[in-house]
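Residue numbers (the working numbering), protein chains in the order written: chain A, 1 to 171; chain B, 1 to 100.
Because the hints were derived from the structure by calculation, they are not lab data.
Note that the Cβ used here is the ideal one computed from N, Cα and C, for glycine as well.
Any given hint could be a false lead.
Unchecked claim - What the simulated footprint calls covered on chain A by chain B, stretch by stretch (three residues with Cβ under 8 Å from a Cβ of chain B suffice, anywhere in the stretch; the number is not a length):
#1 12 to 24
#2 43 to 56
#3 142 to 152
#4 157 to 164
Claimed, not checked - 25 Å max Cα-Cα, derived DMTMM-like pairs, lysine to aspartate or glutamate:
#5 B:Lys99 - B:Glu88
#6 A:Lys24 - B:Glu88
#7 B:Lys99 - B:Glu72
#8 A:Lys24 - B:Asp93
#9 A:Lys24 - B:Glu72
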Amino acid sequence: MDVIAFYIFAAIAVVASVLVVGQKNPMHSVMLLITSFGALAGLYVLLDAPFTAVTQIIIYAGAIMVLFLFVVMLLNVPREEPAPPAVSALLGPTGIRIGVILSLLLGAEIVWALSRIGLGWFPQDPAAASVSSVALIGASLFTRHAFAFEATSVLILVAMIGAVVLARREH
Amino acid sequence: MVPLNYYLVLSGVLFAIGTAGVFLRRNLITVLLSIEIMLNAVNLTFVAVGRYLGTVDGQIITFFVMTVAAAEAAVGLALVISLFRHRETLNPDAFTALKW
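Chain B extracted, bound-state conformation (with noise of 0.2 Å):
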């Protein structure tokens, strides 16, 4: 059987992963694709903890982390639409309005 320690290890690399996308790329889709990512990286946590402390907990929340993602997902790409309408752009960069 697998040590936790190769799920725990395998689940910060893939948030690291997800974290430098979000920060490194310049187009917002990725951005939220990173986003992602770094949730999945959550739910392996979950579920391997679950596993080895022999609950099924760890499958639950993962169940309502999927959830929040899907609804994440919708909004995050309805306001990317909303966003690309006005300025013709992905680029964050380009998003400054509300900055001071």
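Isolated chain A (complex conformation) (with noise of 0.2 Å):
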């Protein structure tokens, strides 16, 4: 039963990935990043994560994704520009083939590495189970994590404070 969910979530999430890479319309990139961040926070209530999973709709497809949004109906420019004149994606200029080298070398790292470490390399135990609660993860966040959690304010402060002055309008 966990595995079908896995599978379909994991599926939703890699089709909606790779179409939001293969849009030409940003607009249409966005709702599909929506739509596999939806499948990546049913994959968090798999793992027994439910507040990262509501965080992950609230924050993710919530707050960051309208700002995307907002950002291209501002900006409206709905068409990339035509790509140089290749004949495919693996002939095209440099920066093309050395980003699809990169992507088969990753992937193949992965492979490599997850074939070495094999099954049973982590401890897979369903006993482990119930140590999400969100009091857990507060309780831990308010006293080990105390000083990155306010480190995180002065991070949202600077960014914020950096966003308005660069997207100021100058005179």
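Taking the hints as your guide, dock the two standalone chains into a single complex.
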């Protein structure tokens, strides 16, 4: 049952992500990425992480993607500029070739690494299920990780000021 | 229960898709979206490994990654708007002022 749900969510996430990269229209890309994030939230639920699943929906699918949509609508450039005349992606300019090679290399590395460590390197103990309550996360966040939590507020403030300064219209 | 490796493979596939997007696309907004895909792939790894080790640390790191992603999206999109005002294009190849 869990495995079936995993396959469904994984298929949605991968297909949506591939389409995000494949789309010409940024608006469609943003919508498909929201779909992908929804599938990832489902995977977090499967991993007994309801807090992360809800944050994923609220922060990612809600806040960040709305920001992207806002910028896409503001700039109003629905189409990407036509590709330089190349017969196929693999024969295109250097950047495209490097991108394809790096992606394939990354995939090969992952397959190799996973085949080396094999199954059972990590404890796969279903009894570890009950550690994911929101209360535990909150307690850990405000005691052991209190400094990082406070530093996050400074980060957000810096990002806020930076965004306002950067996007300001010069006179 | 789903084995951990399934999640790691899925995360690797998503990360590879994001990498391909960053290198293949010629639209700054899609490049930023691909970076978000990569960040989410890493988040999935953190949560899955945390789950299988029986700690909440994975979810806490994911929380911080989401915060950084929000800050990155805000600053990145402000840069995109600012660049678009100057050049009227979103093609990353058009911004070569710092290139030598």
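A quick look at each hint next to the structure:
Counting residues of the region 12 to 24 of chain A whose CB falls under 8 Å from any CB of chain B gives 7; the rule of at least 3 is met. Under a criterion of three residues with beta carbons nearer than 8 Å to beta carbons of chain B, the stated coverage of the region 43 to 56 of chain A is upheld, 10 such residues being counted. For a cut-off of 8 Å, the count of residues in the region 142 to 152 of chain A with a CB near a CB of chain B stands at 3, and the three-residue condition holds. Counting residues of the region 157 to 164 of chain A whose beta carbon lies closer than 8 Å to any beta carbon of chain B gives 6, which meets the minimum of three for the stated coverage.
Restraint check for B:Lys99 and B:Glu88: the C-alpha separation of about 19 Å stays at or below 25 Å, so the hint holds. A C-alpha spacing of about 18 Å is found between A:Lys24 and B:Glu88, which places the hinted pair at or below 25 Å, so the restraint holds. For the proposed pair B:Lys99 and B:Glu72, the alpha carbon gap of about 23 Å is at most 25 Å, so the pair holds. Of the pairs offered as hints, the one joining A:Lys24 and B:Asp93 holds, with about 17 Å between alpha carbons and a cut-off of 25 Å not exceeded.
Taken as a hint, the A:Lys24 and B:Glu72 pair is honoured in the structure, with Cα atoms around 23 Å apart against an allowance of 25 Å.
This entry satisfies every hint, going by the numbered hints stated previously.
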